[in-house]
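There are 2 protein chains.
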Amino acid sequence: MKFYDCETAPSPRRVRMFLAEKGISVETVQVDLGNQEQHSEAFGKINPFHSVPALELDNGVVLNTSVGICHYIEAAHPEPALIGADPMKRGQIMDLDARIEQEGFLAVGEAFRNRAKSFKNNALVGPHQHAQIPELITRGKLRTQQFMHWLDQLLEHNEFIAGSDISIADITAKWIKVEPEEEQVHLNRWFSEINSRPSAKV
Amino acid sequence: MKFYDCETAPSPRRVRMFLAEKGISVETVQVDLGNQEQHSEAFGKINPFHSVPALELDNGVVLNTSVGICHYIEAAHPEPALIGADPMKRGQIMDLDARIEQEGFLAVGEAFRNRAKSFKNNALVGPHQHAQIPELITRGKLRTQQFMHWLDQLLEHNEFIAGSDISIADITAKWIKVEPEEEQVHLNRWFSEINSRPSAKV
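Those protein sequence lines, which keep their order, are chains A and B. My numbering puts the first residue of the first sequence at 480, with every later residue one more than the last. My numbering puts the first residue of the second sequence at 480, with every later residue one more than the last.
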């Protein structure tokens, strides 16, 4: 198994945290995004989507989304469970993970990629060029606030996002990297807890 | 187990197709979205997100996204596998399902919800009001074309989206309901096959 990573890029971090919480170490290859190595012919043969993270299995199959890679790892190494040890927990965790992706991750991405100069004609993740739309900066920021408010309320009752144990939902939320407001006490408590784990350092 | 459905709404159809492919029938309650029944106090007690689909388990826990519900059903009723019978297939299927959601489902939704009069201040799924942005109609249509082109190419080599068996990735793609261009022969072949299955009628 070989993990194609880039230490300075946000996307592979979700997989690194997932692996760290599982206690698994994998042979890792750094792909130099700064020098556009992901666009090389050689890397295109490994991952035709020219993106990291990618996980090459021993039989040569390559997984190429952080979601797909995490599900593979969960099924191959069930303990400790991060996507639910039983059907009910799997459903609840995937409910929350979907909501965090849709309402958190996409909101933050919308505000950032429509503003940053380096994403001028690349406002959406993926191989196609799309121009920035200034209205999406405002909308993305508003959606981010709404998301943080929802998460703060949820964490009033739950130690971790899906209950008493850490799950992929916490990893996805931590990965988004949004700073809570001072008055969001539950979110702040959760952030300190997550940030104190060894997996937050990877 | 009780399934909160609305026959005329698109979102619950993904779960209905998933259940049909599993050969499972569930006690079903129709929620009358036409008369805003989802916003009633009574329904809010069942699903605080005021949305369908929702699945109430026998212990009272309610799942409330189509993704979470499908993962619950997959874990509770593993046969026939729709999210992968082994770790590698689960990873590959989730890779493809994530791509179909991100690049297909969101693209179609973007074009539709920013145009339709009935979504004037409700351009995003969820409880918050967001104004329509006309530029997203054009962008959504372009992204949809790019998505269909990718899917057509993928289906040149695969009978179903993730290989020789139907999976949640096919259900998600069928659920999006985009009509292929005449020259997209692989996509047309796949559409005919999917549409001839009993699960396409639910």
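Calculated directly from the structure, the hints in this document are not laboratory data. Here the structure is a predicted model, which means the values were calculated and not measured. Wrong hints could be hidden among the right ones.
[To be verified] On the chain B side, residues computed to face chain A include the following (Cβ under 7 Å):
1. Val505
2. Asn514
3. Leu542
4. Thr544
5. Arg569
6. His607
7. Gln624
Virtual Cβ for every residue (Gly too), placed ideally from N, Cα, C.
* Asked: Tell me, which hint numbers fail for this structure?
  -> 1, 2, 7
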